[in-house]
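**Student:** Listed below, chain by chain, are the residues.
2 protein chains.
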Amino acid sequence: MKEQTIIINDTNIARCENNPLLTPDMVKPSCEGFIVKGVFNCGVAKYKEEYILLCRVAEAVKSDSEDVVKFPVIVNEDGKSCFKTITLIKSENSELCFDDSRTITRGKDGNSNVVYLTTLSHLRIARSKDGVHFTIDEHPTIMPNAENECWGMEDPRITRIDDTYYINYTAVSPYGAETALITTKDFGNFTREGCIFLPENKDVTIFPEKINGKYYAFNRPVPKAIGTPDIWLSESNDLIHWGKHQHFYGVSDTGWENGRIGGGAPPIKTEKGWIKIYHAADRNSRYCLGVFLLDLENPDKILAKSEKPLLEPEEYYEKNGFFGEVVFTCGCLYEDNKVIIYYGAADDTICRADISLEELYSHLGIGEQS
Amino acid sequence: MKEQTIIINDTNIARCENNPLLTPDMVKPSCEGFIVKGVFNCGVAKYKEEYILLCRVAEAVKSDSEDVVKFPVIVNEDGKSCFKTITLIKSENSELCFDDSRTITRGKDGNSNVVYLTTLSHLRIARSKDGVHFTIDEHPTIMPNAENECWGMEDPRITRIDDTYYINYTAVSPYGAETALITTKDFGNFTREGCIFLPENKDVTIFPEKINGKYYAFNRPVPKAIGTPDIWLSESNDLIHWGKHQHFYGVSDTGWENGRIGGGAPPIKTEKGWIKIYHAADRNSRYCLGVFLLDLENPDKILAKSEKPLLEPEEYYEKNGFFGEVVFTCGCLYEDNKVIIYYGAADDTICRADISLEELYSHLGIGEQS
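Quick note, the sequences are listed as chains A and B, same order. Sequential numbering from 36 applies to the first sequence in the numbering used here. Sequential numbering from 36 applies to the second sequence in the numbering used here.
Looking at chain A on its own, in the form it has when it is part of the complex (with noise of 0.2 Å):
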């Protein structure tokens, strides 16, 4: 792996000096004796003027010992959805792996079980009026159910299609890591429309507009016994229910996308096609970006591609943190001819950088005439 941490990226991606935008310190605790983990991940859109992010929020429960883990889920009570907090004493759990901050598993290799996440996500909105000085809201805007998400709800989307805001997440239980939809017109009111992609499956982005008369998602499904974290390319008529599903791009064999690759932020499009940021893992899990260009009439027809990673892990709060060595987009705005990446830093805070069409175009070996 070593000559990929020495690469010298030479795109001309400007992350803000302001970097990064929004840390834990931020972020009111959404229950007295909870700590805020990490503000990161977030689904990005623009609604009356203002910058939104919709934030994933990791909460634990405060602990005075480093020998136990506190850390809540949902549950039901009475038909309510409660908190409850989880209490492990490592000492007398030997069977069980607390390597991995975000993590508790049974056995310690990659095919290891995870037996509890270490904390709780909700989803909470930041706004802005000029995409750099965020303010983040006192109260979660969405909590996870006590159903398919008492584990929590993570990494959002959203994908404005006519006057309608779509929301993906990851919605995560002891069934699985599944994707959800949830819509909303006014980032006020939010309608749950269900499961759209069974577990494993994360790292869902929705193009923009019908192609063709159909929708299209990208997704991320994990199988198990046959098979590698590849990303599928899939069709909808309505959004919800989804089908014709088609391998689209898999893990490669060397360099820095050998682990995994996935999902990133919706797709964008730009007079040469589809501009669609996406995330890789080398098998150290050390996260970058890389983007595609794909066809504008068929999505899965791939123009161009990163060689080299569009941005990686190489500042402070990029290379520790929560989960260090971690840059991961779940949201873009493309604006004044550049796009804005908006990114999760080591698993606990939220950056921006921002790159040109024309630079970017270059990174993919684009010239402007071509």
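There may be inaccurate statements among the hints.
No distinction is drawn between identical chains; accordingly, a pair holds when it is met within one copy or between any pair of copies.
Below, simulated DSSO-like cross-link-like pairs (lysine-lysine); rule was C-alpha separation at most 27 Å, straight line [said to hold, decoys possible]:
1) K307 to K279
2) K245 to K373
3) K336 to K115
4) K307 to K343
5) K164 to K373
6) K279 to K115
7) K245 to K115
8) K336 to K220
9) K354 to K304
Everything labelled a hint here was simulated from the structure, so no lab data went into it.
Starting from the known structure of chain A, fit chain B onto it as the hints suggest.
**Tutor:** Frame of chain A, contents of chain B only:
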């Protein structure tokens, strides 16, 4: 597990005295040098007064040495799907595990990765006038393609809706085990409708009519990191695009269904509710059949369920074979007040067992008057 193997099955289920009805020696190989290892797990339909079994036929390539494993896969050559024989020498591949007759894996435990299947399955029709004496076609009815089925087509289920037969089956490739759909009106012309459930998802059974305006199907995703192989219920408007997925029934902690649970036969409508024959395996991969009775208007509502297996491996041909200790159904018929279960035995033959509706209700603890 021991007490599971000495349960005396007290259901009045009647195995056919001609069992097994179809055996590998009755099937002509699809290519010279091939050997038919199994004819099993068949979808079932009535068509023009004939009983139709759409059988899974599994083939390997003849090998003269215990140390040499040979099997076919499908590859694309000049735009055409062709057989290619893979040859593996056991003694030269010590990193691989050949212990399971069905798969070649890297790693031995339940989390091992499947590198190859030992056989390639295609679909072939067997026909009968009386439902007992079957003749299987000389040639494959549907051959796998070189893309998402290059490792085979397995375990077809047939659901008739109006004049169309919907055939769903497991399409296996290095991308994973997905569920694909084919339609036919005459069992001569077949239309491929593509992938309806992303990998890893098998054991799909489609209801034979709309319920409250929606089609429904059970399916069985196998998530990797979190969750167990459980049954989910999904909705559709067109049988091609599926959504509103809901967890239906999970693996239990003990007994005959503590390993995996799934599929079985498409549901049968009766006066008291939907009869849903399913399969369950324990942690030793001993496969039994059970039955759910589901509310006619709310297919997610379980009215009754087998406490003990409805059918379990007891006969010689069920306990011994390509993969022993297996009874596994993909299709039933409801005729003359009885349910006719066609089932694969030991992953190599096709058998039949009948049970009257009254006895099925009795197995479920439901009296005739209830």
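**Student:** Each hint: holds or not?
**Tutor:** Hint by hint, here is what the structure shows:
1. K307 to K279: Within one copy only: 26 Å inside a chain, 35 Å across chains, cut-off 27 Å.
2. K245 to K373: within (23 Å within a copy, 48 Å between copies)
3. K336 to K115: Answer is between: at 22 Å across copies they meet the 27 Å cutoff, but 47 Å inside does not.
4. K307 to K343: within (20 Å within a copy, 62 Å between copies)
5. K164 to K373: Classified as within: same-chain Cα gap 18 Å, cross-chain 70 Å, threshold 27 Å.
6. K279 to K115: between (38 Å within a copy, 22 Å between copies)
7. K245 to K115: So K245 and K115 fail the 27 Å test inside a copy (38 Å) and across (32 Å) alike.
8. K336 to K220: Intra 32 Å, inter 34 Å, cutoff 27 Å: neither.
9. K354 to K304: Neither: 31 Å inside a copy, 59 Å across copies.
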